[in-house]
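Input sequences plus hints: build the corresponding full structure.
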Amino acid sequence: MLRLLRVTVVIAAVFASFQLGLDASNRAQAQDVCPNCQPHHFGSNLGVGTTPVPRGPEYGQPDLFYNFYVPPTAGGVGAQMYLAPGPVPPHVGHTYYTYQPFMPHELLYKHKRTYHRYYNEGRGLTRTSIRWR
Amino acid sequence: MNKAGFLVLAVTLASFFASLEAVQAEEHMRRADRWALRHARGQSWNAPYYHTATGMPISLVVPPTAHMQTRWGWGVAQNTMTPIYHQYRRTYPGEISGGENLNPTPYWPSHTDQFGVFYNRGPYGPGF
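Sequences listed follow chains A and B, in order.
First residue of the first sequence? That's 1 in the working numbering, and the numbers climb one at a time after it.
First residue of the second sequence? That's 1 in the working numbering, and the numbers climb one at a time after it.
Because the hints were derived from the structure by calculation, they are not lab data.
Misleading hints may appear alongside valid ones.
[To be verified] Chain A regions said to be covered by chain B (calculated; three or more residues, Cβ under 8 Å):
id, stretch
1, 3-9
2, 73-81
3, 119-131
Backbone N, C-alpha and C define an ideal beta-carbon position, used for all residues, glycine too.
Have a look at this one:
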């Protein structure tokens with residue numbers, strides 16, 4: 001029985017490693033990295049003998065809307081996924097998809113993804129797991 | 001080996017092989033995507049025909065899991081079945097332009113390409 005337990009534990013460890021590797025491809029950042037933001041260091045304003053710097057609430061900087069493209073290659077025409085086949089004039093107006101999981105191209109096939117975002121200088125984590133079935 | 005032990009071992013092995021199969025399928029998909037991307041760099045997603053309603057070729061978005069397309073034409077041995085190489089990606093390629101040398105749909109179409117609608121696979125995710 002002990003031998004069986006040992007074998008089971010080894011197999012479960014291998015299985016767990018494969019499972020972790022599989023999940024890694026289904027993660028997504030809920031926002032892009034802000035290139036102009038100042039880096040925050042953990043505890044940087046808590047030094048001895050210094051006055052803590054007050055800081056306000058932090059908000060994510062998600063994209064309001066982002067598009068996907070097929071570049072023009074070999075003399076062809078480029079394509080964009082939304083507002084296809086071409087952008088409309090500004091006076092026409094259009095609708096943004098501000099909640100990325102609702103974008104229509106996500107509904108085309110069965111899959112799952114986890115969006116995550118760190119906040120409060122890395123102390124908090126917001127995670128949203130979504131399955132499209 | 002008692003029944004409970006055998007059951008635990010069987011479930012563990014079944015889970016392992018199921019996971020292995022999923023990982024292999026994922027690896028195969030990545031390899032196929034790399035090949036498709038390489039082919040897509042060397043050819044256009046559209047034939048030189050525009051759609052009658054828009055004046056531009058129309059990209060018909062299909063799931064990223066779609067692989068093959070069939071194109072029909074008049075005549076013997078004119079039907080082809082080819083991979084859908086092109087896929088939408090996040091990278092902004094610059095201003096979307098072109099379309100100067102496109103032809104209208106002929107009065108008597110002889111190929112499905114002449115209708116100006118072409119398949120492109122959707123992206124896998126926001127960071128793709």
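Here is how each hint holds up against the structure:
Residues of the stretch 3-9 of chain A lying with their CB closer than 8 Å to a CB of chain B number 3, which satisfies the three-residue condition for coverage. Chain B is given as covering the stretch 73-81 of chain A, and this holds because 9 residues of the stretch bring a CB closer than 8 Å to a CB of that chain, at least three being needed. Coverage of the stretch 119-131 of chain A by chain B is violated in this model, with 0 residues showing a Cβ closer than 8 Å to a Cβ of that chain against a need of three.
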